[in-house]
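> Residues 46 to 249, numbered by my numbering, are exactly what the first sequence covers, in order.
Because the hints were derived from the structure by calculation, they are not lab data. For glycine and all other residues, C-beta sits at the position ideal for the given N, C-alpha and C. A hint or two may mislead.
[As the list claims (entries may be wrong)] Distance condition first, Cα-Cα at most 20 Å in a straight line; then the derived DMTMM-like pairs of lysine to aspartate or glutamate:
(1) K57 x E200
(2) K214 x E70
(3) K109 x E200
(4) K57 x E70
(5) K224 x E101
(6) K214 x E111
(7) K83 x E192
(8) K88 x E192
(9) K248 x D176
(10) K54 x D201
(11) K119 x E70
(12) K142 x D201
(13) K206 x E218
(14) K83 x E160
(15) K54 x E80
(16) K142 x E111
(17) K54 x E70
(18) K53 x D201
(19) K142 x E200
[As the list claims (entries may be wrong)] Now the in silico label distances, taken between C-beta atoms and shown as ranges:
(20) S52 x I226: 19 to 27 Å
(21) E111 x K214: 32 to 40 Å
(22) P213 x F161: 31 to 39 Å
(23) K114 x A212: 39 to 47 Å
(24) G199 x K56: 17 to 25 Å
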Amino acid sequence: MNYSDFSKKLKKNFYTRDVLIVARELPGKILVKNENGKLYAGKIVEVEAYDGLNDEAAHTFLGKTERNKIMFEKGGYFYVYFTYGAHFCCNIVVGQKNHGAAVLLRAVEPLSGVEFMEVNRLRRNAITKKDVLSLTNGPGKLCQAFEINRSHNGEDLMGDKIYLLNAPKIRQENIVQTKRIGIKKSVDLPWRFYIKDNHFVSKK
DNA sequence: TACTAGATCGGCT
DNA sequence: GCCGATCTAGTAG
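Let's have the full structure, built from the sequences with the hints guiding it.
Printed below as a string of structure tokens:
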């Protein structure tokens, strides 16, 4: 697969739809980052939807701030934030302008640039099967593996540094929908989606 | 395998 | 001043 084939890049109209529609379709798509001569690619296997309108857990629930302002743009941007004094998490901004919604990328399956991911995550080569599985199976982990940090906040996914490639749609019966992980507000919303039986999903 | 606590700092009240 | 869309190491079983 050619991860620089821009003809397969997801277009603006993929991102500007309702957050739950986009979140359900994101698993299976390919996340690509190409910067400083390093190409990273991974299949998205787990995501969570955050919608500022009715979702207390969303960063945009209380309105626009310096940190979350990119989430109020029209869909198709990258939103990266820093949390717990240690980790970055990355999101795909979706929906219409001023809505304030995004989809958190929680896990990917490594496809290209694995040798860089091993160094970024483990400071050495992956030895065991468990080493490989722990490279990108969590939101903080995948950002560390892909070298994603605050400098990538606001990146335009229509550009050539960070973008998503289309891939065959996952059959609906192979998408699992559950409650979200690691939050204390709006805990009952079933807005987490992952690929059934994929080994790189963060939990269950 | 399962649970717990500590790290660590920026965003927001 | 509080706390988080997390991760890891440690302990107990």
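> Decide, hint by hint, whether the structure agrees.
Structure-based check of all given hints:
| no. | hint | result |
| --- | --- | --- |
| 1 | K57 x E200 | 14 Å, holds |
| 2 | K214 x E70 | 7 Å, holds |
| 3 | K109 x E200 | 18 Å, holds |
| 4 | K57 x E70 | 14 Å, holds |
| 5 | K224 x E101 | 14 Å, holds |
| 6 | K214 x E111 | 35 Å, violated |
| 7 | K83 x E192 | 10 Å, holds |
| 8 | K88 x E192 | 16 Å, holds |
| 9 | K248 x D176 | 16 Å, holds |
| 10 | K54 x D201 | 12 Å, holds |
| 11 | K119 x E70 | 18 Å, holds |
| 12 | K142 x D201 | 14 Å, holds |
| 13 | K206 x E218 | 33 Å, violated |
| 14 | K83 x E160 | 10 Å, holds |
| 15 | K54 x E80 | 17 Å, holds |
| 16 | K142 x E111 | 16 Å, holds |
| 17 | K54 x E70 | 15 Å, holds |
| 18 | K53 x D201 | 16 Å, holds |
| 19 | K142 x E200 | 16 Å, holds |
| 20 | S52 x I226: 19 to 27 Å | 35 Å, violated |
| 21 | E111 x K214: 32 to 40 Å | 37 Å, holds |
| 22 | P213 x F161: 31 to 39 Å | 26 Å, violated |
| 23 | K114 x A212: 39 to 47 Å | 30 Å, violated |
| 24 | G199 x K56: 17 to 25 Å | 19 Å, holds |
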